[in-house]
Amino acid sequence: MKLTGAQIVWECLRKEGVDVIFGFPGGAIMPTHDALLQYPEIRHYLVRHEQNAAHAADGYARSTGKVGVTISTSGPGATNLVTGLATAMMDSSPIVSFTGQVPTTLLGNDAFQETDVTGVTLPVTKHNYLVTDVKDLAQTIAEAFYIARSGRPGPVLIDLCKDVQLSETTFEYPEDVRLPGLHLSPVPDSDALAAAAELINEAERPLILAGHGVVLGNASQELLALIEKAEIPVVNTLLGLGCIPHQHPLCLGMGGMHGEFCTNQAIQECDVLIGIGMRFDDRITGRLDEFAPTARVIHFELDEAEIGKNVPVDVPVIGDCKDTLAAILPYVEEQRRPQWMDTIRAWQAETAKREITELEFEDLIPPYVMQQLYETTEGNCFVVSDVGQHQMWEAQYFPHQRPRQLITSGGLGTMGYGVPAAIGAKVGNPDALVWAVVGDGGFQMTMEELGTIMQERVPVKIAIVNNGFLGMVRQWQQLFFDKRYVGTPIMSPDYVKLASAYGIPAISVSERSDVSDAFTEANSADGPFLIEFKVKEEVNVYPMVAPGAAVDQMIRRPEPRVVQGRRGTQPSW
28 MKLTGAQIVW ECLRKEGVDV IFGFPGGAIM PTHDALLQYP EIRHYLVRHE QNAAHAADGY
88 ARSTGKVGVT ISTSGPGATN LVTGLATAMM DSSPIVSFTG QVPTTLLGND AFQETDVTGV
148 TLPVTKHNYL VTDVKDLAQT IAEAFYIARS GRPGPVLIDL CKDVQLSETT FEYPEDVRLP
208 GLHLSPVPDS DALAAAAELI NEAERPLILA GHGVVLGNAS QELLALIEKA EIPVVNTLLG
268 LGCIPHQHPL CLGMGGMHGE FCTNQAIQEC DVLIGIGMRF DDRITGRLDE FAPTARVIHF
328 ELDEAEIGKN VPVDVPVIGD CKDTLAAILP YVEEQRRPQW MDTIRAWQAE TAKREITELE
388 FEDLIPPYVM QQLYETTEGN CFVVSDVGQH QMWEAQYFPH QRPRQLITSG GLGTMGYGVP
448 AAIGAKVGNP DALVWAVVGD GGFQMTMEEL GTIMQERVPV KIAIVNNGFL GMVRQWQQLF
508 FDKRYVGTPI MSPDYVKLAS AYGIPAISVS ERSDVSDAFT EANSADGPFL IEFKVKEEVN
568 VYPMVAPGAA VDQMIRRPEP RVVQGRRGTQ PSW
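The number in the working numbering is simply the position in the sequence shown, starting from 1, with 27 added.
Simulated from the structure, these hints should not be mistaken for laboratory data.
Do not rely on the hints blindly, as some may be mistaken.
Think about it this way: if two alpha-carbon atoms lie no more than 30 Å apart in a straight line, the pair counts; the simulated DSS-like pairs of lysine-lysine are [said to hold, decoys possible]: (1) K510 <-> K563; (2) K42 <-> K93; (3) K93 <-> K162; (4) K29 <-> K162; (5) K162 <-> K561; (6) K42 <-> K29; (7) K524 <-> K563; (8) K162 <-> K42; (9) K524 <-> K561; (10) K510 <-> K561.
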């Protein structure tokens, strides 16, 4: 059967089980968009900016475990993808992006909207292709999906010359993809497993650092089996939250820069530290030469390049963590560690985290908003967080109970990620409640996607935490730059009117007493809903590890200083 290159794109996507694609049309990709009319089973979601197509595909991929797909044109359509691809690359999210390119006869001539997109995206993709012959197209697409989802996932870009899309060839989709240069998960090494188990069995104070790899590898049950057999407490990275339920007695919560005192103290006092599916990022380690100073380190990791990159490792265990955790279990002795757990419980009791539901205060503060989001949804929703203070408050005050529940930009820290990624998560999980939690700064970077929500009828809920500042930058300016608030105060439009212009119901909340009712109304609404929370301006995220400090050298939460207000006493935040 002979097909055009444009038709081959859609035939290949159908073979890969793709029924959703996020994109924006243009001249160099127009033949492929035109051919989509022949494939009504594939839904095209029209975003308002190509970066947001990548974020939407990313949110779709993280929430479903499937490969997200984007399509855009050449030149600016392709270069606009870069931030979204870099976000996916840093957080190991599987995406395949199709971009149009000028005809092969014009390559290198600086033709209209020509850009060397394979060169531009080389550092921010797992692999990329320039297709100049239609005969190579089906094989290329099959390889792209294989690379995106295999091993450590990541984004792959396919640049399609316009004449390739118009040319015809006999279509045959490869049944098998073999790439000798692609290193896949090795079989767990028995010597490494035995050495790791020996350290675990002999440890008095073991601790696990569980990261995003546990979520991506669907290894939560294997991790639970290990920690419950050997009674090993678990600290999560930001992207590892939810890999075991927050309520589990061995779950200590998030560690690192904004982790709790007990988690970071446990890191510094453990004698065996077991990193699983994480890369010892600076946000979890703090000052490297003072990180876990008394610990022997075991690193369960799929990507061998991460071993020893930041932290010296005593025993590396290479492989998919679902396989390696299952394989090590028979080597690990069943035991209880009462002394270590008593020490951790004492640290937890010392942690100055406040139960804010019991406090009376005048000002609406962001932690209360996050807590009420959890209470009103009973924790049964996806939370797609943008980047900034609200991201950390969400991590601290919304207890995550399952993998993939929290979707956020971790490694790149991309402001503007929240709303488009929430669109992707909702498209991938149409029966689930999806909340985008965003700041007033990040929301204004990608608020044009209200148009996508309106046109494509995507019923996401949006909570804007509006404090009139670029909050995390302001916090650093307050603490480390003598309150020189340069460039951080930010004005907002009337968000209720803005949402109304797109036909989206919206309300603005400034009183604590109205927060629960607002969430309840939004949760029950049959369609999208936007809530602006006008919160107290200068509230800081605590605890905090200052730049250059060890993780146990934390700026702790200040003790409540009770002052008199019109409603009686209140703590000063």
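Results of checking the hints against the structure:
About 17 Å separates the Cα atoms of K510 and K563, which keeps this hinted pair within 30 Å; it holds. A C-alpha spacing of about 14 Å is found between K42 and K93, which places the hinted pair at or below 30 Å, so the restraint holds. At roughly 27 Å between alpha-carbon atoms, K93 and K162 fall within 30 Å of each other, so this suggested pair holds. For the proposed pair K29 and K162, the alpha carbon gap of about 11 Å is at most 30 Å, so the pair holds.
As the CA atoms of K162 and K561 are separated by approximately 57 Å, the hinted pair breaks the 30 Å bound. Taking the CA atoms of K42 and K29, the gap is about 16 Å. The hint holds against a cut of 30 Å. Distance check on the hinted pair: K524 and K563 sit about 22 Å apart at the alpha-carbon level, within 30 Å; holds. Between K162 and K42 the CA atoms are separated by roughly 17 Å; this keeps the pair inside 30 Å, and the hint holds.
With a C-alpha separation of about 15 Å, the suggested pair K524 and K561 falls inside the 30 Å cut-off, and the hint holds. At most 30 Å may separate the alpha-carbon atoms for a hinted pair to count; K510 and K561 meet this at roughly 22 Å.
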